[in-house]
Amino acid sequence: MNNRCFLLAPVVLWLWLVAPVEIYAQDETVLKAVSQTYAITNAAIVQAPGRKIARGTIIIRNGLIHDVGESVVVPRDALVINADNLYVYPGFINGLSHIGIAKPRDEQHRERPKDPGNPLPEKAGITPQRNVVDFISPDESSVEAWRRIGFTAAHVVPYGKMLPGNGSVVLLGGLSPESMILKDKLSLYAELTPADRVYPSTTMGVIAQWRGLYQQAVLAQQYNLLYAANPKGIERPVRNEVLESLYPVVSRRQPVFYKAETVLQLQRVMALQKELGFSLMVGEVKEGWDLIEKIKAAGADVFISLELPEEKNKADNRDTTRQPDLETQALQKRKDDFIAQHVGLAAKYQNAGLKFGFSGIALKAFDVRKNLRRMIIAGLTEDNALAALTTYPAESFGLSNRLGSIDKGKIASIFICDKPYFDEQSVLRYVFVEGVLYKIDEKETPKPDPNVKAVVEGEWNMLIQTTEGKLDAVLTVVREGDQITGTISGTQTPQPVSIENVGLEGTMFKFSFQGMVGQRSGKIEINVKIAGDNFKGSAFLGTESFPAEGKKIPKF
Amino acid sequence: MNKVLTFFFAIIVPALAAQEKPGNLLVKNGTVLTVTKGRLEHTDVLVREGMIVQIGENITAPSGSKIVDATGLYVMPGIIDAHSHLGISDINEYTAAITPEVSVGDVINPLDISIYRALAGGVTISHAMHGSGNAIGGQCVVIKHRYGEVDPAALKMQGVPRTIKFALGENPTTHGRRDGQQPQSRMGVEFVIREAFAEARQYQEKWDHYNAQKKQKGFRGAPPEFSPRLQVLADVLRGDIIVHCHAYRADETIMLMNVFRDFGIKKLVFQHVNEGFKVAPELAAFGAMASVFSDWWAYKLEVYYSTAYNAAILTRNGVLTSINSDSGEQIRHLYHQASKTQKYGNLSEDEALALITINPAKQLGIDRRVGSIETGKEADLAIFREHPLSVYTIPVMTIVDGIIRFDRDHDADDMRIYVDPDRALDLPVIHRQAFEEDNCMQGTADFYDMLK
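Protein chains in written order, with the numbering used here: chain A, 18 to 573; chain B, 33 to 484.
You may find that some hints are simply not true.
Stated by the list, open to error - Which stretches of chain A does chain B cover? Using the computed rule of at least three CB atoms under 8 Å from a CB of chain B, they are:
no., segment
1, 211-224
2, 239-251
3, 282-291
4, 355-368
Hint data in this document are derived by calculation from the structure and do not stem from the laboratory.
Glycine residues also receive a C-beta, built at the ideal position from the N, C-alpha and C atoms.
Generate the whole structure from the sequences, applying the supplied hints.
What follows is the structure, encoded as structure tokens:
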């Protein structure tokens with residue numbers, strides 16, 4: 018235990034017992050500091066990939082890194098965090114996300130759209146004039162979810178279809194939407210996503226529409242310049258909000274940031290870039306292993322998706338008792354090879370010298386660290402993983418003088434964890450976003466209340482609704498101590514069939530049986546939640562699931 | 033032993049043809065059906081860098097050439113399907129009646145396994161088309177079945193004329209009626225096409241005027257509005273794009289020819305045109321060509337009045353005719369479809385083969401490059417176990433640009449290029465539980481309950 022901290026630090030961190038505290042979320046405490054100065058002492062500091070300080074101190078003041086080094090003077094007014102045996106990293110940057118923007122509700126369109134060939138631009142997904150600041154909120158749950166795994170900044174884009182709007186680099190914290198915005202209109206965000214039942218309703222329609230808009234913007238900008246230079250004697254140009262928001266793109270002052278996940282999307286987007294000439298960045302890259310040379314040639318900035326396919330697909334575990342035949346083995350092997358391709362993409366780019374960042378637009382923050390570890394096992398070095406999360410995005414966004422590493426003068430967005438970040442057991446303790454300290458509390462996993470026991474024994478009327486008809490059955494459950502057994506009988510199973518694989522956890526009840534649904538027979542798995550005299554849940558046959566419900570048959 | 037071999041071939045990653053030395057082959061000693069220059073027995077075909085350079089007997093192969101022994105086999109030009117929807121990610125932009133600005137060429141999908149299956153039927157080129165839901169649909173694309181490539185651009189046949197899809201009859205009117213838009217009737221279809229061309233004509237005049245004025249010194253003026261849609265229609269008026277029009281009935285084909293005559297459009301191929309036999313002389317007089325089914329009809333009211341003699345009658349009356357599939361299934365045995373014209377119409381062997389080779393090539397404007405086995409043409413070849421027009425035949429090898437893209441004896445079982453890791457394995461479902469009742473009594477389980 019280093020005694021120096023007691024000599025240097027006038028005010029120790031247990032201040033949160035004394036100072037007023039603002040509770041932001043149940044598992045996070047924002048410390049409204051008495052002082053805007055912090056000292057993190059005795060920490061193992063990872064300033065940037067390849068630059069480490071075994072034991073050092075960081076001084077944060079007014080939202081900036083005031084000083085960092087092995088022997089740094091701690092100011093008298095600093096709040097000290099004794100980071101002995103703790104690790105400090107620069108805050109991570111998500112290359113493409115919707116963090117902070119609430120997902121718009123899926124509108125159920127009951128009516129067929131009138132005049133689908135001439136929709137309003139909003140319906141067609143053409144809203145390039147939109148800006149993130151109008152949609153983002155620091156209180157949105159995703160902000161905290163990503164912050165607690167070490168992300169302090171992100172390139173955020175609005176929701177939408179083909180041209181949702183402009184993307185901005187935001188800080189994952191702050192008191193108001195405006196205060197979150199670090200760099201506004203970094204990119205024009207685009208997807209190859211068609212509109213819903215109006216033009217363009219196909220990818221080729223989106224491409225044609227984009228091409229048309231681009232060319233119209235070129236002409237409109239030219240004419241506007243001509244008019245501005247000398248308006249006398251020529252028609253006044255008609256204002257067009259959509260085309261105007263494309264002017265920075267056609268003059269190459271703003272890049273187009275495409276979400277391009279599949280090998281086809283990536284190539285289509287690069288073909289558009291070659292044809293029209295805009296500056297290109299791509300995010301959520303997944304199937305990119307064959308496109309290294311093409312991406313290099315396009316000069317595009319690349320952000321690999323943090324989302325990875327699951328190792329073992331649930332749908333494949335149909336019948337684990339039989340030895341799989343040769344065909345299944347072969348198909349499974351090819352599938353496993355491709356899963357490996359996905360997981361190994363970052364390592365492959367690293368080995369080919371193609372630099373990249375990471376993005377996560379669809380996955381839950383919860384899966385990020387596990388996926389990073391998978392990529393590292395597949396060959397990505399920890400330093401390169403770190404670079405993809407810090408220095409590369411900072412440079413790509415033109416912010417390397419302010420973000421991406423722990424250096425004097427940069428914005429104080431860092432996090433502290435108890436083990437090196439990529440270790441499986443590593444837990445984050447504190448996160449600073451522009452000098453504001455967030456303490457990460459352990460999230461409690463809700464344990465099922467042992468006192469609430471669902472009464473599962475008895476006779477139930479079970480109903481499964483399928484596309485081919487109903488399955489009506491009587492489920493009889495018998496309980497002997499901890500052993501639960503039962504039978505199913507009904508119109509389609511005249512002979513009672515016993516239930517197998519029975520499990521009861523709290524109110525969740527599951528079992529399986531051999532039965533028939535419509536014309537198909539097979540193993541049906543039931544997964545339901547019991548609430549008193551009813552249960553509700555799902556029935557699975559093969560890969561399909563159907564709603565299942567049950568009602569207790571009263572005993573008289 | 034067979035099981036081991038099957039297992040072995042099943043697990044090797046399919047050797048992508050792109051890894052082979054490109055396009056240097058010697059196809060030895062086959063019966064070569066040139067289609068345009070007769071039938072040659074015991075003849076070799078030498079291919080260098082994807083081109084047919086020599087056809088003759090006892091050719092010595094230069095070093096580095098792959099030798100294909102075609103002894104006892106039949107070698108014909110790669111089959112060309114003039115109407116297909118394979119290998120593209122989108123087929124129909126159905127939200128409007130007039131969408132010439134979209135192009136299926138923007139969404140080529142080289143990973144489509146149907147392309148490989150078409151190769152397994154001897155087809156080397158297909159005309160991937162926009163759908164028939166729009167009176168004026170999108171532009172189409174001619175693709176070479178270079179299966180194994182990942183780059184969509186690699187499948188596009190470069191330097192070929194542009195084509196576009198029109199549609200008449202029940203398909204475009206159904207969409208119109210659904211949306212409450214024009215066209216909802218056959219006369220509406222004609223009007224919508226006429227109106228579109230009239231607008232395109234005005235559009236072109238405006239732009240011609242502007243471009244002429246721009247050349248003058250000191251000109252400052254606003255350009256007309258740019259419309260990609262009208263631009264493509266103007267290209268059609270100018271003759272830059274071949275129109276492929278989906279039509280069945282005789283009256284609508286006459287209607288369209290009248291419209292095209294009024295607007296001075298000459299390049300026209302009718303697709304399906306089941307009633308073509310009724311108006312063969314009129315089609316020939318206009319110079320319109322026809323791409324038909326062998327014997328598929330009665331699936332809609334407008335396709336009721338048809339005959340298997342359609343292709344033969346059109347051919348005999350001077351209309352350049354091809355047989356197409358418009359189907360991922362039929363494309364795998366187009367050679368059988370062609371052979372039907374020998375029974376229904378007595379077409380000769382070369383005439384029948386022409387329906388699926390040189391004739392569709394002409395309709396697509398690519399006949400100088402493919403469609404027959406001649407020196408100087410691209411090496412697209414299909415090798416069959418029996419004569420391709422024989423009902424007993426089986427395709428054994430298909431070659432595109434001198435690269436073997438289908439090899440019945442050596443290809444892996446799983447020829448997918450990319451595999452989706454999130455999809456469950458595509459396995460057959462075998463019902464292990466025997467029905468307790470007669471198959472004839474399927475679905476009558478409730479019936480038993482009623483009897484109780």
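Hint by hint, here is what the structure shows:
1. 211-224: Contact hint for the segment 211-224 of chain A vs chain B: holds, 10 residues under 8 Å.
2. 239-251: holds (count 5)
3. 282-291: holds (count 3)
4. 355-368: It holds: at least three residues are needed, and the segment 355-368 of chain A offers 3 whose Cβ sits within less than 8 Å of chain B.
Hint compliance for this structure: every hint is met.
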